[in-house]
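Please build the complete structure, drawing on both the sequences and the hints.
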Amino acid sequence: MSVRKGAPALLIAGALCASLLLTGCADTAPSAPAPPGPSTGAPPAAGDSRPEGAPPRPAGGPGGAANSRSSAPVPEPRIPGIGPATDALVPDGTTQALVVTGATADANTSTATLYERDPGGRWTPVAGPWAAHNALRGWTDDHVAGDLRTPIGVFRLGDAGGRLPDPGARLPYDQDDEFAISGTGFSGEPLEGSFDHVIAIDYNRVPGRTPLDKERPLGAGKGGGVWIHVDHGGPTQACVALAREDLRELLRALDPARDPVVVMGPAPVLGR
Numbered sequence: 093m094s095v096r097k098g099a100p101a102l103l104i105a106g107a108l109c110a111s112l113l114l115t116g117c118a119d120t121a122p123s124a125p126a127p128p129g130p131s132t133g134a135p136p137a138a139g140d141s142r143p144e145g146a147p148p149r150p151a152g153g154p155g156g157a158a159n160s161r162s163s164a165p166v167p168e169p170r171i172p173g174i175g176p177a178t179d180a181l182v183p184d185g186t187t188q189a190l191v192v193t194g195a196t197a198d199a200n201t202s203t204a205t206l207y208e209r210d211p212g213g214r215w216t217p218v219a220g221p222w223a224a225h226n227a228l229r230g231w232t233d234d235h236v237a238g239d240l241r242t243p244i245g246v247f248r249l250g251d252a253g254g255r256l257p258d259p260g261a262r263l264p265y266d267q268d269d270e271f272a273i274s275g276t277g278f279s280g281e282p283l284e285g286s287f288d289h290v291i292a293i294d295y296n297r298v299p300g301r302t303p304l305d306k307e308r309p310l311g312a313g314k315g316g317g318v319w320i321h322v323d324h325g326g327p328t329q330a331c332v333a334l335a336r337e338d339l340r341e342l343l344r345a346l347d348p349a350r351d352p353v354v355v356m357g358p359a360p361v362l363g364r
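Position one of the sequence shown corresponds to residue 93 (our numbering), numbered consecutively onward.
Hints were generated in silico from the structure; no laboratory data involved.
Mixed in with the good hints there might be a few duds.
[Claimed, not checked] Straight-line distance between alpha carbons at most 25 Å, and here's what the computed DMTMM-like set of lysine to aspartate or glutamate pairs gives:
hint	residue 1	residue 2
1	K314	E208
2	K306	E284
3	K314	D258
[Claimed, not checked] Now the in silico label distances, taken between C-beta atoms and shown as ranges:
hint	residue 1	residue 2	range
4	R350	G173	15 to 25 Å
5	E284	P221	35 to 45 Å
6	D347	P282	31 to 41 Å
Please read all numbers here as calculations on a predicted model, not as lab measurements.
Built from N, CA and C at the ideal position, the CB exists for glycine as well.
What follows is the structure, given as structure tokens:
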């Protein structure tokens, strides 16, 4: 039986499509890996919970620089390594952000750090950095099913689940045997246990539902089922993977009252 803590019970649509895959939790199983191809940009649409870009913030606070006669304007504090374009996508009410950074657009290894914003507006690391895996071919800002790339952007984190019992998550947690998976990954590593715990990334999904839900607002062609899950020791289809104990620590730390998000992509893009 599914257990949903902190949210009404929701209907699970069919068996877990991801459990049929060779790796990760993307909706479409890959053919033999092909050489990396270029990624192209596309604006967020319905079902992609990347927030709309915020208008520019006036320098010097209300009234702009004209009211800053006694001192120079103080720059808005930002998450370390995050540039103004990416920072503008972080919702104003968010005070918790998991930053997953790859070295290049084609890298399939990355680093994850959890940051929190204090009442003064300054972001500080509170957990990590943790070693992570992302998709086999790296990153893209225009994800499509089967491209073996992880979506770039800022996405909300609101729902969790897994085959094993809730380790103490504050997010709604759905325990279900449908999170089971078998087979081997791209490096020949066993996939069993990869979905023991997962956190749904709100890309092409309906927030507030179990990660097993298969409705895709952007259409099946835009992929889906992008999760943070247990690392199986190799690259994923499109997901982010953390070591088991690191993921359990993250599950206990994420607080829905802080409107948590994941900020993920290659460092040069996130730094813009």
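So, going through the hints one by one against the coordinates:
1. K314 / E208: Given that 25 Å is the threshold and the Cα spacing comes to 31 Å, the pair is violated.
2. K306 / E284: holds (21 Å)
3. K314 / D258: violated (30 Å)
4. R350 / G173: 15 to 25 Å: At roughly 20 Å between Cβ atoms, G173 and R350 fall inside 15 to 25 Å, so the hint holds.
5. E284 / P221: 35 to 45 Å: violated (27 Å)
6. D347 / P282: 31 to 41 Å: Given range 31 to 41 Å: holds, Cβ gap about 33 Å.
Hints 1, 3 and 5 from the earlier list are contradicted by this structure; the remaining hints agree with it.
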